[in-house]
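Novice: Using the sequences and the hints, build the whole thing.
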Amino acid sequence: MTENAYTIKPEFISDRVRALPSSGIRRFFELISNMDGVISLGVGEPDFVTPERFSKAAFDAVSRGETHYTSNYGLPELRQAVSDHLERLYGLRYDPRNEVLITVGVSEGLMLALMAILNPGDELLSPNPYYVAYLPTCQLAGGTFVPVATGMETEFRVTARDLEAHCTDRTKAILLGYPSNPTGAQMTREGLVEIADLAARRDLIVVSDEIYDRLSYGIPHTCFPSLPGMRERSILLGGLSKAFAMTGWRVGWACAPADLLEAMMKIHQFVIMSAPTPSQYAALEAIRHGEEDAQRMIADFDARRRLIVAGLNDMGLTCFDPHGAFYAFPSVRSTGLDDVEFAERLLLEEKVAVIPGSSFGDCGRGHVRCCYAAPRDAIEEALERIRRFVRGL
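For the sequence shown, the positions run 1 to 393 when my numbering is used.
Since the hints were derived computationally from the structure, they do not count as laboratory data. If you're wondering where the values come from, they're calculated on a predicted model, not measured in any experiment. Do not rely on the hints blindly, as some may be mistaken.
Restraint ranges, calculated between C-beta atoms of paired labels, are given here [as the list claims (entries may be wrong)]:
| no. | residue 1 | residue 2 | range |
| --- | --- | --- | --- |
| 1 | D302 | R201 | 32 to 40 Å |
| 2 | G316 | A200 | 38 to 46 Å |
| 3 | E341 | E77 | 49 to 57 Å |
| 4 | D314 | P10 | 44 to 52 Å |
| 5 | K266 | D338 | 24 to 32 Å |
| 6 | D314 | R201 | 14 to 22 Å |
| 7 | D338 | D162 | 22 to 30 Å |
| 8 | V17 | D162 | 29 to 37 Å |
Straight-line distance between alpha carbons at most 25 Å, and here's what the computed SDA-like set of lysine to any residue pairs gives [what the hints assert, rightly or not]:
| no. | residue 1 | residue 2 |
| --- | --- | --- |
| 9 | K172 | P76 |
| 10 | K266 | P76 |
| 11 | K56 | S83 |
| 12 | K351 | E381 |
| 13 | K172 | I117 |
Note that beta-carbon positions come from the ideal geometry of N, C-alpha and C, so glycine has one too.
Specialist: Structure, rendered in structure tokens:
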């Protein structure tokens, strides 16, 4: 009997899942898996290993027998630490008892937020380009995803005017992701204040994905719910994955007014129960005592940022200065290739992996995402290979 002897009827798969778009990133990772000598500027995670103290806290917890479920909301100590952390950074206070929920990364937090607030047909506005999970998560929650165009001329910052131009009587919420994956864009406080005014006038909920909040260069990060009047109509998503090198630990948080968070927790308790207990202890150590480690890694990312942006601009791939996250988003239009052909040929001819910008929405066409969370020597070698590829064209 062959491995593919059995087939499943298409109708066995739900319509909403069959309607989901396939990931443009996944195909490139599959190509990379079959190639040797590839320098990847594709995967969006730090190359740093989790600091040893964080890992030890998890191992110590296991040694003590801390291997059981926690509260659905998460470890009380961790929720308190998250509340203290946000107050210290942004003057924003959440009650750790019922306004902080520990999630399995921001990915779960996003799903919980959209499932909790969207009814079928409700419209969700979000800047375009957007993180690959935004559109399908909205669809799974039953909402209608409405992308709002941005461009390099405004450094991919969305404006309140553009958002309002897309508002209808079905608009329920705005989903923001700044600093941005994929563009590296960072919003100014003034721009967010205008969006806050729009949300208040239109009576909209704002879901703010701030997983890259600590990775901000030159433009101070503004936590959206810290703006006047926004705490009561915002869901804040965050975590330690990016700035503390903890992607694989799968710990994030969602913060919101108690009624909103309770709606999210009702889903969380049936789908997840609680985030992994040892991971929560690692996160607790990181958030309490890991600031020095985080600052060291952030400084290194900033140096790599300047290296890759200068290199891309020098070879004629126009790249605005990304003020957040760890992505550069250069235009490749000068090469005469579209973003997909550029990425495919660069991978096959020079073994450098970047992601086509169109994977992140129509406004990403003509760009590629380059993740600089890679060792500096790898970035330097990748730039040399890209330069050789561009010259060859």
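Novice: For D314 and P10, compare the CB-CB distance with the range 44 to 52 Å and indicate the outcome.
Specialist: Given range 44 to 52 Å: holds, Cβ gap about 50 Å.
Novice: Could you see if the CB distance from D314 to R201 stays within 14 to 22 Å?
Specialist: With a Cβ separation near 45 Å, D314 and R201 fall outside 14 to 22 Å, so the hint is violated.
Novice: Take a quick look at whether K266 and P76 sit within 25 Å of each other, Cα to Cα.
Specialist: holds, 18 Å
Novice: Quick check on a hinted range of 38 to 46 Å for G316 and A200, using CB atoms only.
Specialist: holds, 44 Å
Novice: Starting from K172, check that the Cα of I117 is at most 25 Å away, please.
Specialist: holds, 8 Å
Novice: When you check the alpha-carbon spacing of K172 and P76, does it fall within 25 Å?
Specialist: Distance ~32 Å between K172 and P76 Cα, so the pair is violated.
Novice: Look at the Cβ atoms of D338 and D162 and judge whether their distance stays inside 22 to 30 Å.
Specialist: holds, 25 Å
Novice: Does E381 sit within 25 Å of K351, going by the straight-line distance between their CA atoms?
Specialist: It holds: about 11 Å lies between the C-alpha atoms, which stays within 25 Å.
Novice: Can the suggested window of 24 to 32 Å be confirmed for the beta-carbon pair K266 and D338?
Specialist: Hint violated: Cβ distance 45 Å, outside 24 to 32 Å.
Novice: Taking the Cβ atom of V17 and the Cβ atom of D162, is their distance within the range 29 to 37 Å?
Specialist: holds, 31 Å
Novice: Is it true that D302 and R201 lie within 32 to 40 Å of each other by Cβ?
Specialist: holds, 37 Å
Novice: Within 25 Å, alpha carbon to alpha carbon, are K56 and S83?
Specialist: Holds, because 23 Å separates the two Cα atoms, which is no more than 25 Å.
Violation of the numbered hints given earlier is confined to hints 5, 6 and 9; the remaining hints are satisfied by the structure.
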